[in-house]
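Going down the list, the sequences are from chains A and B. Counted the way my numbering counts, the first sequence spans residues 83 to 670. Counted the way my numbering counts, the second sequence spans residues 37 to 496.
Worth double-checking, as some hints may not be accurate.
To be verified - Quick list of in silico lysine to aspartate or glutamate cross-link-like pairs, DMTMM-like style, CA-CA up to 20 Å:
(1) B:K416 <-> A:E548
(2) A:K89 <-> B:E432
(3) B:K105 <-> B:D120
(4) B:K300 <-> A:D588
(5) B:K330 <-> A:D181
(6) A:K523 <-> A:D596
(7) A:K555 <-> B:D56
(8) B:K331 <-> A:D596
(9) B:K479 <-> A:D102
(10) B:K482 <-> A:E578
(11) A:K89 <-> B:E420
(12) B:K419 <-> A:E432
(13) A:K574 <-> B:E417
(14) A:K124 <-> A:D102
(15) A:K574 <-> A:E610
(16) A:K633 <-> B:E484
(17) B:K300 <-> A:E427
(18) B:K479 <-> A:E632
(19) B:K436 <-> A:E578
(20) B:K416 <-> B:E443
(21) B:K479 <-> A:D590
(22) B:K419 <-> A:E221
(23) A:K124 <-> B:E417
(24) B:K390 <-> A:E353
(25) B:K479 <-> A:E548
(26) B:K300 <-> A:E428
(27) B:K301 <-> A:E428
(28) A:K89 <-> B:E443
(29) B:K416 <-> A:E632
(30) A:K607 <-> A:D560
(31) B:K275 <-> A:D181
(32) A:K574 <-> B:E420
(33) A:K633 <-> B:E477
Note that these hints are calculated values from the structure, not bench results. Remember, predicted model here, so these are calculated numbers, not experimental data.
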Amino acid sequence: MSGTITKVSGPLVVATGLADANVSDVVRVGSQRLIGEILQMKGDSASIQVYEETSGLGPGAQVETTGTPLSVELGPGLLTNIYDGIQRPLTEIRDATGDTIARGVEVASLNRKKVWDFTATAKKGDVVRPGDVLGTVQETSAILHKIMVPNGVAGVVQSISNGRYTVDETVAVVKDDKGADHQVSMMQKWPVRVARPYKHKYMPSRPMNSGQRVIDTLFPIAKGGTAAVPGPFGSGKTVVQHQLAKWSDVDIVVYIGCGERGNEMTDVLMEFPELKDPRSGESLMQRTVLIANTSDMPVAAREASIYTGITIAEYFRDMGYDVAVLADSTSRWAEALREMSGRLEEMPGEEGYPAYLASRLAQYYERAGVVECLGTDSRQGSITAIGAVSPPGGDTSEPVSQSTMRIVKVFWGLDSSLAYARHFPAINWLTSYSLYVDTLKDWYDSQFPGFMALRDKAMAILQEEESLNEIVKLVGRDSLSEADQMTLETAKMLREDFLQQNAFVDEDAYSSYDKQFRLLGLIIKYDELCREAMAKGAGLDGLFAIGAREKIGRAKMVAPDAYADAYGKIEEEMKSQIQKLTAGGEDQ
Amino acid sequence: MIREYQTISEIASPLMMVKDVEGVTYDELAEIELPNGEKRRCKVLEVDGDVAVVQLFESAQGINLAGSKVRFLGHPLQLGVSEDMLGRVFNGMGEPIDGGPAILPEKYEDINGLPMNPSARAYPAEFIQTGVSTIDGLNTLVRGQKLPIFSCSGLPHAALAAQIARQARVLGTDESFAVVFAAIGITFEESEYFINDFRRTGAIDRTVVFSNLANDPAVERISTPRMALTAAEYLAFEKDMHVLVILTDITNYAEALREVSAAKKEVPGRRGYPGYMYTDLATLYERAGRRIGKKGSITMIPILTMPEDDKTHPIPDLTGYITEGQIILSRELHRKGIVPPVDVLPSLSRLKDKGVGEGRTREDHAGTMNQLFSAYASGKEAKELMTILGEAALSETDKKFAQFADEFEKRYVNQGNQTNRSIIETLDLGWELLSLLPRSELKRVKVEQIEKYMPKKAEE
Numbered sequence: 083m084s085g086t087i088t089k090v091s092g093p094l095v096v097a098t099g100l101a102d103a104n105v106s107d108v109v110r111v112g113s114q115r116l117i118g119e120i121l122q123m124k125g126d127s128a129s130i131q132v133y134e135e136t137s138g139l140g141p142g143a144q145v146e147t148t149g150t151p152l153s154v155e156l157g158p159g160l161l162t163n164i165y166d167g168i169q170r171p172l173t174e175i176r177d178a179t180g181d182t183i184a185r186g187v188e189v190a191s192l193n194r195k196k197v198w199d200f201t202a203t204a205k206k207g208d209v210v211r212p213g214d215v216l217g218t219v220q221e222t223s224a225i226l227h228k229i230m231v232p233n234g235v236a237g238v239v240q241s242i243s244n245g246r247y248t249v250d251e252t253v254a255v256v257k258d259d260k261g262a263d264h265q266v267s268m269m270q271k272w273p274v275r276v277a278r279p280y281k282h283k284y285m286p287s288r289p290m291n292s293g294q295r296v297i298d299t300l301f302p303i304a305k306g307g308t309a310a311v312p313g314p315f316g317s318g319k320t321v322v323q324h325q326l327a328k329w330s331d332v333d334i335v336v337y338i339g340c341g342e343r344g345n346e347m348t349d350v351l352m353e354f355p356e357l358k359d360p361r362s363g364e365s366l367m368q369r370t371v372l373i374a375n376t377s378d379m380p381v382a383a384r385e386a387s388i389y390t391g392i393t394i395a396e397y398f399r400d401m402g403y404d405v406a407v408l409a410d411s412t413s414r415w416a417e418a419l420r421e422m423s424g425r426l427e428e429m430p431g432e433e434g435y436p437a438y439l440a441s442r443l444a445q446y447y448e449r450a451g452v453v454e455c456l457g458t459d460s461r462q463g464s465i466t467a468i469g470a471v472s473p474p475g476g477d478t479s480e481p482v483s484q485s486t487m488r489i490v491k492v493f494w495g496l497d498s499s500l501a502y503a504r505h506f507p508a509i510n511w512l513t514s515y516s517l518y519v520d521t522l523k524d525w526y527d528s529q530f531p532g533f534m535a536l537r538d539k540a541m542a543i544l545q546e547e548e549s550l551n552e553i554v555k556l557v558g559r560d561s562l563s564e565a566d567q568m569t570l571e572t573a574k575m576l577r578e579d580f581l582q583q584n585a586f587v588d589e590d591a592y593s594s595y596d597k598q599f600r601l602l603g604l605i606i607k608y609d610e611l612c613r614e615a616m617a618k619g620a621g622l623d624g625l626f627a628i629g630a631r632e633k634i635g636r637a638k639m640v641a642p643d644a645y646a647d648a649y650g651k652i653e654e655e656m657k658s659q660i661q662k663l664t665a666g667g668e669d670q
Numbered sequence: 037m038i039r040e041y042q043t044i045s046e047i048a049s050p051l052m053m054v055k056d057v058e059g060v061t062y063d064e065l066a067e068i069e070l071p072n073g074e075k076r077r078c079k080v081l082e083v084d085g086d087v088a089v090v091q092l093f094e095s096a097q098g099i100n101l102a103g104s105k106v107r108f109l110g111h112p113l114q115l116g117v118s119e120d121m122l123g124r125v126f127n128g129m130g131e132p133i134d135g136g137p138a139i140l141p142e143k144y145e146d147i148n149g150l151p152m153n154p155s156a157r158a159y160p161a162e163f164i165q166t167g168v169s170t171i172d173g174l175n176t177l178v179r180g181q182k183l184p185i186f187s188c189s190g191l192p193h194a195a196l197a198a199q200i201a202r203q204a205r206v207l208g209t210d211e212s213f214a215v216v217f218a219a220i221g222i223t224f225e226e227s228e229y230f231i232n233d234f235r236r237t238g239a240i241d242r243t244v245v246f247s248n249l250a251n252d253p254a255v256e257r258i259s260t261p262r263m264a265l266t267a268a269e270y271l272a273f274e275k276d277m278h279v280l281v282i283l284t285d286i287t288n289y290a291e292a293l294r295e296v297s298a299a300k301k302e303v304p305g306r307r308g309y310p311g312y313m314y315t316d317l318a319t320l321y322e323r324a325g326r327r328i329g330k331k332g333s334i335t336m337i338p339i340l341t342m343p344e345d346d347k348t349h350p351i352p353d354l355t356g357y358i359t360e361g362q363i364i365l366s367r368e369l370h371r372k373g374i375v376p377p378v379d380v381l382p383s384l385s386r387l388k389d390k391g392v393g394e395g396r397t398r399e400d401h402a403g404t405m406n407q408l409f410s411a412y413a414s415g416k417e418a419k420e421l422m423t424i425l426g427e428a429a430l431s432e433t434d435k436k437f438a439q440f441a442d443e444f445e446k447r448y449v450n451q452g453n454q455t456n457r458s459i460i461e462t463l464d465l466g467w468e469l470l471s472l473l474p475r476s477e478l479k480r481v482k483v484e485q486i487e488k489y490m491p492k493k494a495e496e
């Protein structure tokens with residue numbers, strides 16, 4: 083089925099003669115066979131968004147529909163790969179066309195030549211349903227890829243065997259109840275704009291350990307939860323996203339660079355293979371899929387990139403894995419939506435964004451969650467979706483931030499004034515929130531009794547600091563009571579010695595729960611001991627000057643294998659030094 | 037196939053409609069011939085059936101609907117590139133204006149370029165010593181980075197950019213930079229300032245100038261930076277040169293973009309700028325970088341003046357989201373007479389972490405950098421408190437921080453436009469200033485490094 087172009091306006095192309103095409107079909111445009119997607123139909127003319135640069139295209143050129151919606155290929159070979167927004171492998175494109183991305187490149191998403199070792203887990207005669215695991219492939223050293231019965235196929239396994247196969251070779255034959263044979267290969271296709279099915283969705287109940295103290299302790303996120311990271315430029319959104327991609331205790335990470343800098347993706351590409359997962363010891367790249375549609379790449383493919391990413395995430399979730407999807411940045415995605423909407427001459431909503439912006443965002447984030455996967459073994463998987471938001475001028479009153487905040491449960495608000503003082507991660511503890519604190523309380527209480535109490539105390543001190551600072555600005559610090567001055571001091575320690583975390587220092591980049599718990603305990607203990615000592619008459623200056631203080635200040639830099647002992651020693655030292663001061667105070 | 041039409045149906049500068057066209061393609065270049073034989077260039081923005089919407093690069097003055105001819109050239113706007121471009125001056129459309137001979141191009145390149153494949157990029161990590169402490173020490177520039185200067189009207193950003201172009205070098209090598217300089221809608225005086233400085237230092241022989249001055253057609257400004265970057269890409273990735281691209285002033289570029297968008301009656305985004313301005317700016321800025329296996333590099337320093345000194349204005353805002361950091365100039369420091377008036381705290385280089393440290397600069401670089409930043413931030417806070425409450429209200433520590441902030445501005449920031457400090461001088465000066473503070477406050481530098489680098493006398 084082919085049509086003829088009548089209009090070209092940037093990435094929007096209108097073609098007639100496509101009466102039989104479906105909305106959302108993928109089309110091939112012009113002699114270069116550029117990839118496009120049908121957005122609207124009017125009579126036999128279709129409005130098409132083209133995923134590649136349309137320069138050189140004019141009326142009269144041919145448009146051919148493929149009859150299928152925009153889909154991704156799912157199977158072994160996804161991990162460690164880097165794709166553009168419509169799942170074209172960038173390294174293979176580079177081999178084909180050089181350093182720049184030429185137009186109309188056709189490269190299969192999954193390598194058709196690569197051979198995988200398939201181990202059958204189902205056997206002949208088994209009755210299988212969609213989602214049942216037929217066999218496995220050790221895709222990378224970290225991840226066992228489960229080959230599942232694709233949607234729409236159910237019946238009795240006629241044949242299945244171990245062996246070495248490429249992704250499109252048949253590994254099993256399933257006969258359905260009508261007697262038809264289905265050839266099952268290791269590769270499935272799935273339309274990106276449709277969520278993959280599951281059996282049930284559950285409330286998230288386990289935290290995702292990010293290794294970041296301000297996140298895990300103050301504003302935790304649950305596995306299967308949603309979070310937004312808004313912040314002006316230079317506040318460290320990307321570093322936060324990278325840290326989460328590196329240290330989160332999930333099985334799979336899908337990182338979507340959506341309309342951001344090319345060098346940031348290069349950074350991930352270069353750094354991740356070198357880094358080791360603190361839990362499994364495997365290279366981080368072994369569990370990562372990258373989607374890179376940088377800001378200079380065609381804008382329409384940017385719109386598709388987050389769907390491509392989350393569909394891949396859902397596929398791994400369906401195997402029973404915990405997956406984190408990081409999208410940097412959803413604002414650029416929204417801008418792509420706005421640009422296409424403008425070209426379609428739709429009536430704009432707020433700030434030129436289309437009226438359906440909020441519902442599209444909600445649909446995206448709703449694809450996160452903890453689910454019971456299809457298949458008989460009732461395995462559970464989860465998707466945690468974290469999106470960066472880049473509000474113009476850092477002002478979150480704009481539509482993308484507002485629509486996002488209505489949906490997500492965790493809000494890590496980045497603050498430029500913290501960034502200027504090089505307080506990183508610049509997550510503002512006063513404006514951020516996590517609605518998972520209550521649901522995760524049970525987990526924390528069972529694993530680290532007392533952690534939540536410390537957290538609440540730390541939050542209270544930080545809140546109080548804010549109101550005390552107002553007073554200090556008016557009348558100076560000296561006019562505060564000693565107890566209030568102590569609060570200010572503890573708050574400062576919490577900020578500098580606990581919340582600040584240097585992503586570029588190996589000892590500090592990742593903090594286990596235990597390390598966080600003990601470090602926070604140390605600071606709160608100092609506060610308590612000082613207050614006791616003050617009641618006994620010890621002076622503030624003396625308490626602030628004890629030698630253990632500077633050691634607490636450097637405590638976060640203690641290596642992961644040495645902190646337990648070191649913190650114990652600091653605590654002993656602190657106790658005895660404060661003791662001395664009280665004793666001295668009583669003598670006088 | 038060259039097709040000529042006499043069917044211009046409408047002109048509303050800078051747009052023009054041509055009817056009854058055939059075989060015209062999007063983004064194609066065209067030429068208008070006026071009745072008097074004068075030729076002007078334009079490009080296709082939209083084709084709808086047999087009507088083409090064409091954007092003029094020059095003024096529409098004198099175009100006659102009946103007598104003018106439009107010729108479609110069958111290719112997008114191109115620049116003929118050759119190594120002979122070094123030392124030459126071109127207008128915003130890439131035509132020589134220095135009275136020299138025409139360039140014999142080695143080849144023609146589409147000025148829009150192609151997006152760089154992220155997997156072909158090499159991560160920038162080579163430290164560039166600019167000789168300016170606030171940049172080298174605190175906001176380190178690396179080869180292949182795009183680091184804009186955010187200025188305000190009336191501030192000496194040109195002096196700083198010229199100083200960087202003059203002093204920049206990579207330690208341990210003698211390779212010099214080729215400079216591609218694009219004047220986008222700036223005044224003759226500002227442009228001459230740069231060219232004179234290049235001439236004075238002899239850099240002019242290794243410089244390509246694209247000049248669209250304030251009195252040149254505004255629409256031409258949309259192609260000027262693209263011309264410059266096409267030349268830079270050729271020099272960097274085909275001729276193995278390290279190219280420093282200076283684009284000034286991006287604000288004028290964005291205004292030209294707004295002008296065209298308004299003429300096309302597009303739905304405006306913030307402050308009337310088109311909604312796709314982010315993408316458009318990105319297609320410029322992202323052309324900086326390094327490529328795996330290529331010797332050359334493009335380092336970019338775009339300059340923009342923030343309207344009303346407002347960093348949240350769309351132009352600096354969108355730029356900051358794309359570029360790898362920013363150097364912000366401050367009017368307050370300028371009034372205090374500090375040269376260059378770099379506002380240290382909001383300035384940032386995102387690529388600094390890979391460019392500093394042992395083997396590149398010195399092991400203590402990262403630590404002192406963070407320490408100086410946070411100490412200066414505390415010092416400024418203390419000074420603010422001091423203006424409200426008086427000096428007596430400050431604690432001893434706060435007083436030291438306030439004193440540090442003053443000294444820091446006076447000695448570290450204020451180095452003048454002619455001083456070329458080596459990175460070692462910059463780092464040592466940093467330690468000297470840190471010695472003003474109590475040691476217990478220096479939590480961001482390692483104890484061993486304090487022992488090693490802190491000037492001993494000052495400490496006692």
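Against the structure, the hints come out as follows:
Distance restraint check for K416 (chain B) and E548 (chain A): the Cα-Cα separation of roughly 19 Å lies within the 20 Å cut-off, and the hinted pair is therefore satisfied. As the CA atoms of K89 (chain A) and E432 (chain B) are separated by approximately 72 Å, the hinted pair breaks the 20 Å bound. Among the hinted pairs, K105 (chain B) with D120 (chain B) is inconsistent with the structure: their alpha-carbon atoms are about 34 Å apart, more than 20 Å. Distance check on the hinted pair: K300 (chain B) and D588 (chain A) sit about 53 Å apart at the alpha-carbon level, beyond 20 Å; violated.
Annotation: proposed proximity of K330 (chain B) to D181 (chain A) holds, straight-line Cα distance about 10 Å (limit 20 Å). Annotation: proposed proximity of K523 (chain A) to D596 (chain A) holds, straight-line Cα distance about 16 Å (limit 20 Å). With a C-alpha separation of about 72 Å, the suggested pair K555 (chain A) and D56 (chain B) falls outside the 20 Å cut-off, and the hint is violated. Restraint check for K331 (chain B) and D596 (chain A): the C-alpha separation of about 47 Å exceeds 20 Å, so the hint is violated.
With a C-alpha separation of about 69 Å, the suggested pairing of K479 (chain B) with D102 (chain A) is violated against the 20 Å cut-off. Restraint check: the Cα-Cα separation between K482 (chain B) and E578 (chain A) comes to about 15 Å, which is no more than 20 Å; the hinted pair holds. Restraint check: the Cα-Cα separation between K89 (chain A) and E420 (chain B) comes to about 60 Å, which exceeds 20 Å; the hinted pair is violated. Proximity of K419 (chain B) to E432 (chain A) is assessed by CA-CA distance (about 42 Å); at most 20 Å being required, the pair is judged violated.
Between K574 (chain A) and E417 (chain B) the alpha-carbon distance is near 14 Å, which keeps this suggested pair within the 20 Å criterion. Note on K124 (chain A) and D102 (chain A): the hinted pairing holds, with a Cα-Cα distance of about 12 Å set against a maximum of 20 Å. With a C-alpha separation of about 15 Å, the suggested pair K574 (chain A) and E610 (chain A) falls inside the 20 Å cut-off, and the hint holds. Between K633 (chain A) and E484 (chain B) the alpha-carbon distance is near 15 Å, which keeps this suggested pair within the 20 Å criterion.
Only pairs whose Cα atoms come within 20 Å are accepted, and K300 (chain B) paired with E427 (chain A) is accepted, the gap being roughly 13 Å. For the given pair, K479 (chain B) sits about 8 Å from E632 (chain A) by alpha-carbon distance, which is consistent with the 20 Å threshold. Distance hint between K436 (chain B) and E578 (chain A) is fulfilled; the C-alpha atoms sit about 19 Å from each other, no more than 20 Å. Only pairs whose Cα atoms come within 20 Å are accepted, and K416 (chain B) paired with E443 (chain B) is accepted, the gap being roughly 12 Å.
Restraint check for K479 (chain B) and D590 (chain A): the C-alpha separation of about 14 Å stays at or below 20 Å, so the hint holds. Proximity of K419 (chain B) to E221 (chain A) is assessed by CA-CA distance (about 59 Å); at most 20 Å being required, the pair is judged violated. Using a Cα cut-off of 20 Å, the hinted pair K124 (chain A) and E417 (chain B) is violated, with the two alpha carbons roughly 62 Å apart. A C-alpha spacing of about 11 Å is found between K390 (chain B) and E353 (chain A), which places the hinted pair at or below 20 Å, so the restraint holds.
Restraint check: the Cα-Cα separation between K479 (chain B) and E548 (chain A) comes to about 23 Å, which exceeds 20 Å; the hinted pair is violated. Annotation: proposed proximity of K300 (chain B) to E428 (chain A) holds, straight-line Cα distance about 16 Å (limit 20 Å). Between K301 (chain B) and E428 (chain A) the alpha-carbon distance is near 14 Å, which keeps this suggested pair within the 20 Å criterion. Between the alpha carbons of K89 (chain A) and E443 (chain B) the distance comes to roughly 64 Å, so the proposed pair goes past 20 Å and is violated.
A distance of roughly 23 Å separates the Cα atoms of K416 (chain B) and E632 (chain A); the hinted pair therefore is violated under the 20 Å criterion. The suggested pairing of K607 (chain A) with D560 (chain A) is violated, with an alpha-carbon distance near 24 Å, which exceeds 20 Å. For the given pair, K275 (chain B) sits about 15 Å from D181 (chain A) by alpha-carbon distance, which is consistent with the 20 Å threshold. The straight-line distance between the Cα atoms of K574 (chain A) and E420 (chain B) is roughly 18 Å, inside the 20 Å bound, and the hint therefore holds.
Only pairs whose Cα atoms come within 20 Å are accepted, and K633 (chain A) paired with E477 (chain B) is accepted, the gap being roughly 12 Å.
Hints 2, 3, 4, 7, 8, 9, 11, 12, 22, 23, 25, 28, 29 and 30, counting from the list given before, are not met by this structure.
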